[in-house]
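Student: Produce the entire structure from the sequences given, and follow the hints as far as they go.
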Amino acid sequence: MSLPHLFRFPGGIQPDAHKKESSEQPIRPVPLPARLAVPLVQSSQGSARTIVTVGDKVLKGQCIGEAEGNAGTAIHAPTSGRVTEIGRYPMAHPSGLDTLAIVIEPDGEERWIAREPLDMASASHEELILRVQASGIVGMGGAAFPSHIKANSKIDTLIINGAECEPWISCDDRLMRERSADIVTGARILRRLTGARRVLIGIEDNKPEAITAMKLVVQAAADDGGEISVITVPTRYPTGGQKQLIRVLTGFEIASNQRSSSFGVQCFNVGTAHAVCRALVHGEAMVSRVVTVTGNVEHPGNYEVLLGTAVADLIELCVAKPGTERTLMGGPLMGFTLPRLDAPITKSSNCIIAASNTLFPPAPPEQPCIRCGSCAQSCPTGLLPFELYWSSRAKNYDGAVHYNISECIECGCCAYVCPAHIPLVDYFRFAKSEIRARNQEKRAADQARARFEARSARLERDKAEKAARLTAKAAETRAALAANKDAATDANDAALIAAAVARTQAQSQAQPPASGQNGGATPPEPSI
Amino acid sequence: MIGITLALGIALGYAAIHFKVEGNPLAAQIDALLPQTQCAQCGYPGCKPYAEAVASGAAEINLCTPGGDEGAHKLAELLGREFKPHGGPVVEKVKVVALIDEQTCIGCTLCIQACPVDAIVGAAKQMHTVIAPICTGCELCLPPCPVDCISLIAEPRTPQNWRWKYPVTGLKVVA
Ligand code: SF4
Ligand code: SF4
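Protein sequences appear in the order of chains A and B. Read left to right, the first sequence gives residues -9 to 518 (the working numbering). Read left to right, the second sequence gives residues 400 to 574 (the working numbering).
Hints in this document: simulated from the structure, not taken from any laboratory. Treat the numbers as computed from the prediction; the structure is a model and nothing was measured. Treat the hints with caution; some may be incorrect.
[Unchecked claim] Cβ-to-Cβ under 8 angstroms is the rule here; a few derived chain B residues that face chain A:
| no. | residue |
| --- | --- |
| 1 | D430 |
| 2 | P434 |
| 3 | Q435 |
| 4 | G445 |
| 5 | K447 |
| 6 | K483 |
| 7 | V516 |
| 8 | I533 |
| 9 | T535 |
| 10 | R556 |
| 11 | P558 |
| 12 | N560 |
| 13 | K564 |
Here a beta-carbon is modelled for each residue, glycine too, at the ideal position from N, C-alpha and C.
Tutor: In structure tokens:
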């Protein structure tokens, strides 16, 4: 097995890793919280439809929300207990908005629903994919993309992402050290689903224990057909970004509007591979995940957290030290400040950091850009962050689009190196959301225009049809009259007219005195 | 010389017939800049009629209320005319959608006839409802409703339409 040639992506940074704080303790369980609020939306592409009602008793791993549509993923009860509420709860999102969640009060028994492992030898491809979807598996590295969609593509190279490049986070490291067998089994299943020729497990060289553990499993297990290799990649942020890892391992550069599968590559996080193994081989739906809790806390480490556990509960468990100013979800570079601590842990929350001003000093005031170009040198996607910054700052969105703001992965390298302390990523996030809103508005306007025109056309057509009908009818009447003309005599005509006059008078007499519209003021004319 | 003249004449004549642009291209360009609310506040029965009026020079460029000053600027730039501020009060743009109180609705179909984008569904003596994603918030359905059961509500905030704030830049203290 020859080591593949490694490629390089431009830029990147090497910040202090701060991994040791949390990576040296085994993964620990978390005591059952008083309440678990499981949001219905757990994937980036779709949501689940509730199939329980308030008061229902549920077992651990029981499906409580079915996958909605092709892209949806199911959700499951994280523990046994009772559904107490289906209501709006805050979500783990920088906006602090709330979303529908199923609230479960644990009964403390942790009773599993009957687990039904799939017989891997006989199960068909479709059965496996359906099970991945029904087990609620989404990408656990942060993007939360439904895994059954990714696993259902035919590719050449399967990449398992164990790079974990962002400082402070160590959940994948611990997972690889402790559960390497499951990860490799999951990788095998994913290889079978995707038909990949080779599997590359990329791990940064600052995790020697994880590399050893993974290599041991890969070597011990008899290889069933394809090549699985554990590849050590140099430690450089953001190697763990999906695009960057693909670039390092295969040399492909993938633009934001392209899919990696069209290059014959697909990338899954180690956590996702682990979850696939649990779901298919052990019949356990995704009900928990490993979360790093670190920063300014007494007991940093990695915890097996039930989905729906409030961040506040985790912080309480790990005991925040005095001086904690805010709480970050995700890493210090790609993550965001949680606006509310009652937000739940979801399938994509990998890390909670209690931030103090000593550990994460507030950014000094922004100074004018000195055009040093450091940001451009550090950008892993080869953008010109200072150009993006000028455009975004001036709200010149066309300019930002011209400099390819959509390719920015918000990795924060540029802001990290900027000597003028410009919060570049904040500007880019702002500009990106404005551009997105504008595009949405544009789409809505196009739709409104099309609907307005369709409606106008329909009204026109109705009018034309009505006019045509009336003309036809008039012509018919005229023709009938003309046909009768010869037979009709003047006397006949006079008789017709008299009859018509009599009819009209009879009608006006029969009408009740008009009321309402004219207040009943004018009685009808007496008949002659 | 005569040959060239004839050849070019024929070519141009051919082009004029075969590559004739459907409709009025200027009106279409103007229409593309209008917000397509179809609210008729400009005095024309919709965005397209207003665009046609502006293109023919019959209408001013500052009559569109939802477009506001920003829209008038865009039109001024496109047409090379002088910018005129929008006359009316400047309202903060918040996207609203109509909401029918389904308990009160008597099913009279009047709002359906008023809606310029067919965003209301319902039938005579049956409850009506607004298809929110299609509603432009033009308010045209409000006046015809005999029981006043339509209100405008701000579009709910979701992670999909939530926006990041403009970074607040620290003010520098001088002296
Ligand atoms: S690193 Fe900062 S100061 Fe230097 S060019 Fe980029 S934005 Fe300007
Ligand atoms: S945040 Fe965007 S612009 Fe800045 S370095 Fe990362 S990818 Fe480049």
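Student: All hints, please: hold or fail.
Tutor: Structure-based check of all given hints:
1. At a threshold of 8 angstroms, the smallest CB-CB gap from D430 (chain B) to chain A is about 7 angstroms, leaving the interface hint in force.
2. The beta carbon of P434 (chain B) comes within 6 angstroms of a beta carbon in chain A, closer than 8 angstroms, and the hint placing it at the interface holds.
3. At a threshold of 8 angstroms, the smallest CB-CB gap from Q435 (chain B) to chain A is about 4 angstroms, leaving the interface hint in force.
4. Nearest Cβ of chain A to the Cβ of G445 (chain B): about 5 angstroms, under the 8 angstroms cut. The hint holds.
5. Annotation: K447 (chain B) was flagged as interfacial toward chain A, and the flag holds, the nearest CB pair being 7 angstroms apart, inside 8 angstroms.
6. A distance limit of 8 angstroms between C-beta atoms decides the matter here; for K483 (chain B) the minimum to chain A is near 22 angstroms, and the interface restraint is violated.
7. For V516 (chain B), the shortest C-beta to C-beta distance to chain A is roughly 4 angstroms, which falls under 8 angstroms, so the interface hint holds.
8. With 8 angstroms as the threshold, the beta carbon of I533 (chain B) comes within range of chain A, its nearest partner Cβ sitting at about 7 angstroms, so the hint holds.
9. Taking 8 angstroms as the C-beta contact cut-off toward chain A, the hint placing T535 (chain B) at the interface holds, the least distance being around 5 angstroms.
10. A distance limit of 8 angstroms between C-beta atoms decides the matter here; for R556 (chain B) the minimum to chain A is near 6 angstroms, and the interface restraint holds.
11. Against a cut-off of 8 angstroms between C-beta atoms, the interface hint on P558 (chain B) holds, since the closest Cβ of chain A lies about 5 angstroms away.
12. The beta carbon of N560 (chain B) is positioned within 8 angstroms of a beta carbon in chain A (closest approach about 7 angstroms), and the interface hint is therefore held.
13. Interface restraint check: K564 (chain B) against chain A, minimum CB-CB distance 7 angstroms, threshold 8 angstroms, status holds.
Hint compliance for this structure: hint 6 alone is broken.
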